[in-house]
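**Q** Based on these hints, arrange chain Z on the given structure of chain S.
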Amino acid sequence: MSADSASTSDSPRAQRVRAAIRRELRADGAGEESVGASPVIALEGVSLAFDRPVLEDVSLEVYRGETLVIVGESGTGKSTALKLILRLLVPDRGRVVVNGRDVAGLSFEEALATRQHMGMVFQGAALFDSMSVFENVAYPLREHTSLSDDEIEARVREKLRFVDLDPDHVMDLLPAELSGGMKKRVGIARGLANDPEIMLYDEPTSGLDPLTTATITRLIVKLQRELRVTSVVVSHDIRSANRMASYIALLADHRIAFFGTPEEMAASEDRYIQDFLGGL
Amino acid sequence: MRHAKVRDASTSVNLTSPLFARLNTEAKLAVFAVQERAILTWNAVRFIFARPFYGADVIQQMNAIGVDSLFIVILTGFFTGMVLALQSSVSLQTFGATIYLGHLVSASMIRELGPVLAGLMVAGRVGSGIAAEIGSMRVTEQIDALNTLGTDPIKKLVVPRLIAALVMVPVLTVVNDLVGIFGGNVIASLSVDIPSSLYWRTVWDQIASDGFTLRFIPNDFVQGLSKPLVFGGIIAITACYQGLTTSGGTEGVGQSTTRTVVTASISILIVDYFMTQMLLAFF
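In the order they appear, the protein sequences are chains S and Z.
Counted from 1, the first sequence has number 87 at position 87 by the numbering used here; the numbering is strictly sequential.
Counted from 1, the second sequence has number 34 at position 34 by the numbering used here; the numbering is strictly sequential.
Quick caveat, the hints were computed from the structure, so don't treat them as lab data.
Don't take each hint at face value.
Claimed, not checked - If the Cβ cut is set under 10 Å, some of the chain Z residues that face chain S in the computed set are:
(1) Ile48
(2) Met62
(3) Ser128
(4) Ala132
(5) Glu133
(6) Thr140
(7) Gln142
(8) Asp144
(9) Leu146
(10) Thr148
(11) Leu149
(12) Gly150
(13) Asp210
Said to hold, decoys possible - Now the in silico label distances, taken between C-beta atoms and shown as ranges:
(14) S:Asp92 x Z:Ile59: 21 to 31 Å
(15) Z:Phe32 x S:Ala176: 32 to 42 Å
(16) S:Ser107 x Z:Trp204: 49 to 59 Å
(17) Z:Gly249 x S:Gly278: 30 to 40 Å
To be verified - Far from chain S by the CB rule (all over 12 Å, computed), these chain Z residues:
(18) Phe95
(19) Asn147
(20) Ile154
(21) Phe182
(22) Ala281
Ideal Cβ positions, reconstructed from N, Cα and C, are used throughout, including at glycine.
Here chain Z stands alone, though its shape is the one from the complex:
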């Protein structure tokens, strides 16, 4: 990218200074990267419905993103649910309100912790893997080989990963929610002496208390599942973009994986806030 030289005698800031030139360049690069991601996203979404379909690749990616991430998601969900119940029970005991433990754990897990934790876990485990795989393909000319063999790399590489992430991150979130709430149940039974039947009844009371969409779908589920859908898209697009734009050999592959994890994780947390604001306005 060229360094634009800005000359503006009417301002007191020296616009030709190296610092300004660098800021100018960085800002342009940032805007360019956003634009490139937007184009990649648009093309990937458009190609979901365009031939050829790579069904086997989608299944393979679902396995890599979903099944292979199951253990880490179960582990984090279980311990997060237990910690949440443990910490909450201390505060609730102060007010003699430990009966609300199921309410608190389920609301926290379904609306926030489940989607965000699953998103962050997948971003770390799968996002880095996708970036490394596609980045390696880029630096070893395999992406060029796809092009020369008449295959669109976006259709072959990006679309299957996007579809798999859009499907599997919500599935992992459901697993995370269930295991987290079960972890809360373990603490409720062992440390707080709340019977399991009471705990699960309060969990359901919480889910039902927020109302239903289309009469059957709890609003908590709508909130809890719309987020991971977006997070899945963020992870897949960020990882594929970083992979496809990798340069600089194996060192570049390492940088791409790091950038993927950092960018996807930060994006998930920021988007989570704005989605929460928006969803609370509707539900």
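This is chain S alone, in the form it adopts within the complex:
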């Protein structure tokens, strides 16, 4: 695949050069509060294969408060990137650095502790189906804090309201009684319960109607603007990606085929990118 020189990185070296340019831009004051900051999340030359390659020499950086949207065809390793950040998987080569620490070097217990600073929203919401909405959102608080029952309830209500759900209406419902969009919003509320620094979303809008898709997209943007949460979103939905992304990474053939802003992506003359955008 060819790539236009302005916005497409088809080699690890080019990706690193782009990352260096971005750092310089921030140092010049272009990057708001992240002046001179190191990335919150960095994938450095990451490769992973099972029976066949899943990711090959992928490098990405996400700075505080940014939202990176990873797009690409099915099976190109998008969700795997999230699992690497969570250290549910360890790369064969390269490093995955979160908050300055190489996650591959963490023990299992350290990895569990690190994940407490992250929130994850799964494609199918992955709510605990034997627990009520309240218990689902309260789960991380019960597990990792010493908050009283009253404080936990107050926090759960706050998070449910943040995702535009009426606590009095939904708290006692079971996940099976929720619509797809409500499940996703409860999933976001659960991910937010511990006030994480990082939010990861795996296909947050898949299977939803256009109105609910817009609601979820608005929520993710709201999180970025109001809470300055660093986010990585895996999505097929290029329209939502354009609305929520600080940067978009396009994965193709298990490599980064493009990295840039939504505007750069739209302006790209690369055939593959145009086909990709046109096909969505």
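**A** For chain Z alone, coordinates are given in the frame of chain S:
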């Protein structure tokens, strides 16, 4: 798992044949599964004594494994005791030895039938349930969600079920023993005309005749309760392992439950034989 290609020109067997490759793969998978179960067992036992403790989950599982299985265990124990007494009485009558019916029923129930029946009942009823529950959690990403929320799934899911099974399968066995012996009493009274007082005295004679451990604990009880302890462990670990390794959606969940019942039941019967050999050497 990769298919290892073995080339050995010195043997007459074609080691590169598809059949050999398949056998090779299956053997490796079997060894791998044993290794994985051993690791899961080790971690689960280790985590019993590690924080955080999920006390409420343990109680909930004790209820699911113990209380909810009570009816089926009572039913099977009662009828097994009656059938045992009925069949034995026919043979004993031949030798004019029906007075030994209490001996026979109690020895059979306490040492063998009680533990094995309770184990098989729990494996069927509870083992399949655990595998289905954890398997569903696996295929709907709830296990991954636990991980991402900073919870170790082994501590949260496996340890409470293991503790509950280790406690409740012996308890169910005691219930099964008692009900089985009572079933024998019913047949002894109604069909063989042995008075209840005589029947229960012969039951106690049997228990006392095998001696005591630490002066107070009948050896029959040691045999009869050490087995269900192991069976409880087998059921919990097998079911949790199958659940945690479920793949392939709802069809995979079905396969996991079937594998759990088959594997746990066969394991119980095999382990029962070897434990009997070992325990008879000691008691």
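**Q** Does each hint hold? Answer for all of them.
**A** Quick rundown of the hints versus the structure:
1. Ile48: violated (17 Å)
2. Met62: violated (16 Å)
3. Ser128: At 17 Å from the nearest chain S Cβ, Ser128 of chain Z fails the 10 Å test, so the hint is violated.
4. Ala132: violated (12 Å)
5. Glu133: holds (8 Å)
6. Thr140: holds (6 Å)
7. Gln142: holds (5 Å)
8. Asp144: holds (7 Å)
9. Leu146: holds (8 Å)
10. Thr148: It holds, given that the least Cβ distance between Thr148 of chain Z and chain S is near 4 Å, below 10 Å.
11. Leu149: holds (5 Å)
12. Gly150: holds (4 Å)
13. Asp210: Hint on Asp210 of chain Z: violated, closest Cβ of chain S at ~45 Å, above 10 Å.
14. S:Asp92 x Z:Ile59: 21 to 31 Å: At 44 Å between Cβs, range violated.
15. Z:Phe32 x S:Ala176: 32 to 42 Å: For Phe32 of chain Z and Ala176 of chain S the Cβ distance comes to about 36 Å; the hint holds.
16. S:Ser107 x Z:Trp204: 49 to 59 Å: holds (56 Å)
17. Z:Gly249 x S:Gly278: 30 to 40 Å: holds (33 Å)
18. Phe95: The assertion about Phe95 of chain Z holds, with a minimum of 57 Å to chain S.
19. Asn147: violated (6 Å)
20. Ile154: violated (10 Å)
21. Phe182: Phe182 of chain Z clear of chain S: closest Cβ-Cβ about 37 Å, beyond 12 Å.
22. Ala281: holds (41 Å)
The structure is inconsistent with the numbered hints 1, 2, 3, 4, 13, 14, 19, 20, although it conforms to all the rest.
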